[in-house]
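Student: Chains as they are written, first to last, in my numbering: chain X, 1 to 963; chain S, 964 to 1123; chain C, 1124 to 1311; chain Y, 1312 to 1591.
Because the hints were derived from the structure by calculation, they are not lab data.
Heads up, a few of these hints could be off.
[Said to hold, decoys possible] The calculated lysine-lysine pairs, modelled on BS3-like cross-linking and capped at a C-alpha distance of 25 Å, are: (1) Lys1583/Y <-> Lys1284/C; (2) Lys1069/S <-> Lys1110/S; (3) Lys133/X <-> Lys242/X; (4) Lys1284/C <-> Lys1399/Y; (5) Lys1513/Y <-> Lys1240/C; (6) Lys1100/S <-> Lys1069/S; (7) Lys1529/Y <-> Lys1280/C; (8) Lys169/X <-> Lys183/X; (9) Lys1284/C <-> Lys1513/Y; (10) Lys1284/C <-> Lys1571/Y; (11) Lys1280/C <-> Lys1513/Y.
The chain contents come next:
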Amino acid sequence: MTEQIGKTLVIGGGISGIRASLDLAQAGYQVLLLEQSDRVGGLLSQLDTQFPTSTCGMCRMLPMMERDRLDQQCLRRGLSHDNIEICVSTDLISLTGEPGNFSVSFLSQTDGGRDDCPVLVVDDEKIVRDSMKEWLSEEGYPVQTADSAAQALNLLAEGSFKVMLTDIKMPGMDGVTLLTRAKEIQPDLAVVMMTAYAAVDTAVEAMKQGALDYLVKPFDPDAVLQMVDRIFKDAVAENARKDTVDAVILASGATFFQPNPGINPYGYGQIPGVVTNLEFERMLSHAGPGGMDLVHPVTGRPVTRIAWFQCVGSRDIQTGTPFCSSTCCMISVKQSLLAKTMYPQVTEACVFYMDLRTWGKASDDYARQAKKAGVRFVRARVHSLAPGLKESDTEIPVVWLDPSGDRRQSLFDLVVLAPGQHPDAFLSGFAKDQELTTDDWGFVRPEPFLPGHTSRSGIFVCGGTTGPKDIHDSVTGASAAALSAMQVMASAGRQTVQNPEKAESSGLRPAGVSLFPGALVIGGGIAGMAAALAIADQGFDVDLVEKTDHLGGNLVWLQTAVEGAGSFLEEQTAAVQAHDRIRIHTRTRVADTMGRPGQWVTRLTPVKDTAVADTPETTNADRPEPLAEKGSPSNRSSRGKPPGLQVRHGVVVLAVGGAEAAPNLPVPDKGPGIYTQQQFQQALDQDAIDTGSPLQVAMFQCQGSREPGREYCSRTCCPRSLDQALRLKADHPDSRVVIFYRDMMTPGLSEAVYTEARKAGVVFVPYEPGNTPELAADDTGCRVTWTDPILGRAMEMPADYVVLATGIQPGLSRNLARMFGADLDGSGFFDQADIKWRPVEAIDPRVLACGICLEPGNLALTLASARAAAAKAVSLLSRETFFPGKDTARVRSAFCSLCRICIDACPFNARFVDPETRTLKVDPLACQGCGICAAACPSGAAVVAGRSLAPMMDTIHAALNQP
Amino acid sequence: MTQTVMEPEQESPSNTPSLNADAFEPVAVAFVCNWCTYTAADLAGTSRLTYPDNVRLVRVMCTGMVDPQYVIKAFLEGADAVLVSGCHPGDCHYINGNYKARRRIKLLKQILPRFGIDAERLRLTWIGASDGIEFAKTMTRFVEEIKGLGPCQARLQPVI
Amino acid sequence: MLQTDIQEKLAARPDLTRHLAQVKEQMATCIQCGTCSSSCPNAGFMDMTPRRMWRAVLMDRVDMVFSSQTFMLCASCYVCTLRCPRGLPLTGAMAELKQVAFGLDLPRFRRSTLFYKAFMDNIRQYGRVRETELMARYFLAVKDPRVPMSYTGMGIKLMAKHKLHPHLPSRGPGRLAPLFDRAKQQEQ
Amino acid sequence: MDYLYYPGCSLEGTAQEYDISCRALFEALGDRLTEIPDWTCCGATAAQCVDQFLSVVLPARNLALAEKTETGQDVLVPCSACYLNLKKARQDLWENNPLRAQVNQVLAEDGLAVNASVRVRHLLDVLTRDGAVDRVAQLSENRMKDLVIAPYYGCQCLRPYVEFDDPEQPRSMDALIRATGADVLAWDMGAVCCGASTATTKPQVGKELVGRILDQAKTAHAVVTVCPMCQMNLERFQSRSVPVVYLPQFLGLALGMPAKALGCDMNLSDIKPVLSRVVP
């Protein structure tokens, strides 16, 4: 069976499921995508816009190569790809097996749901009949009851049942006799005996006579349901479709917290005008209720004052949610910004929050935009809501406490709750059935250092199944999971669909093109190594370039700080070094590159001075360096044969990493006991902490971050500070550790560490920019003075150690990025094609990036982006030949005047002047067939099949002359 | 109300444009981008929203591919107005095609009066994929406004 | 009350210091969100909000804690406990602060201390509360004629409704004394 | 059903009419209340402010007495403060074995032992969940149809132990009140604190809190309570004249019992407007 095409089951058709499916499909594997609801798109089909673009952009997920295999349409209209079989409204029935050989059975909800599984309950006791009927009906089973065996036989004669639950001891005919008689009428009837006594003997006897099982009274409703569900599943399993797959990706997502059952302090469902953020999203949408207008859901009057409440079913022990849901802050920032900018009628947009979690690369700046637009952010938790005064029914009074302790009140028309993400019933059931390790809250716990891997080999996870996730992390994680599935399929010897069997009807189609079969990975940190290994493991050559003399990057200093990271680093380094497909080039830099994208010839030159090599390359960013003329091959550095080694590669992965930013403190920057976070980590690791008198440590978060100059949150510093604080508290219990913070950025499950630190006695002091605690340092040591916002008192502490969390500075130079047609974003990170939908790619999908030159993140995120980038690389490299889309642009050279207007017009850098023929050419893999070149070309030389002048003119003519 | 979307590949039916003197029913061409406005039009259709059928939709992959010649052609073929509608700024599937369209339409609006065509007869809008309602409203409003402008004389002029 | 006075008194009582440390530990995961304070029906009467008081406990500002009446004004309505997103036992901790405060025998809490002491003596003596006797002993102890006066109207009303019985059958002196003594023993 | 009955000290003193009406109501409903023999004070608010351990021992003694009856009956407590003390002790002793052992060493002094097996239930819990609603409906003949009633729950029967009702927006009394033919006032003060024992030492607190509550009750004919402390505060700090009656008094009247048998002459507030509206 070596010729078998690899196939992966993807469970869940949300964003993660779609991303993973597309990656696999693009790599040439087959995908079976199961989705319980009636459409793919998941939550995102309800969100019109995302931050930080305030637009949609979901279609950018679609593959850019071999576009003929899929429908070129908005994902809201549906998804279709030759290699993906999509089954919506479908339930997973069973899944068994091992990597390379999983058996899956699944059933369309239209082919017999529970309503096709009628149940007959036979008992002489009314209360038993009634309660069983109630429990089972609630779950969707049609239930009939009989109070005697005789009546049961009548009912059985009239209609067919799938299940009969019968009491054993009944007046008249007993249950065992009924069993025999019923089986005569309907041999395939599943019969379960019920007995008031633990009369196991009788029940076992009954089982010999054909009963399936028995239940002992009094019943636990769950036990009854489980029993009937089992029978139902076995019964429908016969109708179910069966398939065999090599790997499984679980992308079933999470569910939103429901604010109304149980304690409902915000009166959701009771107070008019209290809505969830998802409902508000529909109100904002022109396609939602109210259409173009933002109106109150009950009164229909225009809404002018809106409040957002954060942490509803998040960070709340009372709702069993000790974790943060990661995404709700940004959803509210987006909604408030949109409401304020789209509707001038909105005079008050106010977000009530505890910590505004604008973690990551683009969020904080987006929140500042919202502030500028007039959104009010109030650090307060509103405890509850009561309906408005009777006279003005729809005004909701919101009461909160400002930091000084004053009670404030405002009236709002609308209160938008931001409910958290919780594991759903499907996830719990699946995890239990498949014996996946879960965390305390029911999310699947990924294996350390293997993002997306579960405790079961061959079953991978992505998206909300491993904890609350935003789109960006979900999409990255989905690609990483796709890589894992590809690895399983490759090691099972599976093939990919190579040549589309479609006959070439039009001779216009360009011939197939191939990439150079190899990858260049720049940067030998953990991101680069992980990407290199993953690509090489799939059988492709990798050149790994590292400017220093060793591999490991930042993980070298971090290895003792992250449990298990030391041996992980060692293993990875050894694996990279031993891999026969990886060529390691240490003390090497990338000098320049030639050739076209996908057929790069890149020159590597040795780094002479290690001291220079250790400084980040960012310093080059501002230095002008002659750039290759756009559209022509890169310049050669000198005449004759250039020095260095030339490598040919079809993809490039930028993994140059970054470093801790230098502190910029208004006080003496080198005072006694002032450390950066990294320096302090090293001191901790070397046990170099002075343990004289009770230790006093002050940690400053956001030093130079989240403010002009470095507008992003580095996402790693808060968790690192917590880790260091906990370690100090563990090693020196009498120490005093104070963390000065703006917003503790502990999204998702890392919230638990924050709680742990508070428990351990770490003191947290919030401050606002402009009101930073003062640090004074002299020879005797440091003193920190501040005003505690809650106590309202001036406070002071001597500090033996002051630790500055300065954040991450990316180490990517603009020159290097531009060498491959990519660029830097406003903060100096790799400029992603789309931060949400194409997070590890440049606009040219052959240029990839991962690790902290892509975006700030911890080890797990770095590994996820590395594996995501590797997935993209592998899926490109595994195609021997690409057959460009039939809509690829062509050049009628006879008309072309080489004016190059089209080169500038093409958004994908697909057009260039071939230096040898001096003619204009199109890179068929980059071209997306948009037709912009054709519109731009003044001489009619640029043509796109079906989108050129003549057919368009015909179309216009036809449009105006239709009947 | 059903709308025929013209695909470039489609066979062209020949018929005369309706020009009725007493009850002026304008004819317009809307170049809609495949990713956003076309989806919105589709959504409007499936949501059973009504809008006047005076507007003939021509689906293009991107508003950035709308050659000025298409617009002129439409006017010459008898369109009383032309609408170009694409993705919201920042949302273009082809990154910046809609910005290119914006620049082009601005220029065209300056040129059109020289052809005797009121610049008001050329419009550019952004209608996102989920904006079915906005699509229908825009179309309705658009047609109303053309009615106010009266028939376009461009076609009647023999030479340009 | 000066900070040093409270601190001195506390230093002399390691048991109360320990008790206070336990309260602090219970409160450790407080995130100062203010839910307790905006929920509290009595917050308006307090000299500092419960949030500020808990912050003072966490920051070891015993001076602020015990120069405040805040915890004395807790009516044990449990709304804060119900709503606290950290699930902290706030109402219970309020009571514990009262215990520490009474233990410290601070002059500012003298009236409440005397009232509760009279109450406990009453139970110790009779097993059940004898309201008339309780009030009499309390008034005697506070030695302030204005206090009994403020309750006179109430007393007359109750008397009129035959609710005050100056001669309830006594259940014998020292009804629960052995239990109290044994409990005291057990605690030490 | 039969219950063990813990009246608590208030019901022997200032809240005698609560005790009288409770006993009378249950008799009329056909339930039997057996007073726990030799019960003593639960510690009230005082014990927990003075001595943590004693605040467990005092209620534990009463639980031990209840268990000693070996009836297996639930303990019915009309006073919310006593209810909470007993309930809390029961929960703590149930969960904390070392504490139970310690407490038992003390109780041995009285020849008692507690194992925390007995269920402690508030009067309102018993009335709403043990079928009283149907019986009241059968017996009341809509006698209260001319009344609008504001149900006032107070705090400690609802919080912190969420047993039988929503602790923020309680509704359990609604069905009982409607069963008498009366209308329920829609208000949001039913679970708002009256100041409880704080009002004893800080009267200005009680005055303001009660004022807020009664202001919202102005359209009702009476406020119905289930706690002697609430009743005392609501009656004592009245600025306007609002009749305040105990729930068992109200239900007793609905069943046609004579006012005197329900202690209706003992209320501090003027409840004649209620009595006069009962359909004879």
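Student: Taking the hints in turn, state whether each one holds.
Tutor: Hints and how they fare:
no.	hint	in the structure
1	Lys1583/Y <-> Lys1284/C	holds, 15 Å
2	Lys1069/S <-> Lys1110/S	holds, 23 Å
3	Lys133/X <-> Lys242/X	violated, 32 Å
4	Lys1284/C <-> Lys1399/Y	violated, 33 Å
5	Lys1513/Y <-> Lys1240/C	holds, 17 Å
6	Lys1100/S <-> Lys1069/S	holds, 23 Å
7	Lys1529/Y <-> Lys1280/C	holds, 24 Å
8	Lys169/X <-> Lys183/X	holds, 18 Å
9	Lys1284/C <-> Lys1513/Y	holds, 24 Å
10	Lys1284/C <-> Lys1571/Y	holds, 13 Å
11	Lys1280/C <-> Lys1513/Y	holds, 19 Å
Hints 3 and 4 from the earlier list are contradicted by this structure; the remaining hints agree with it.
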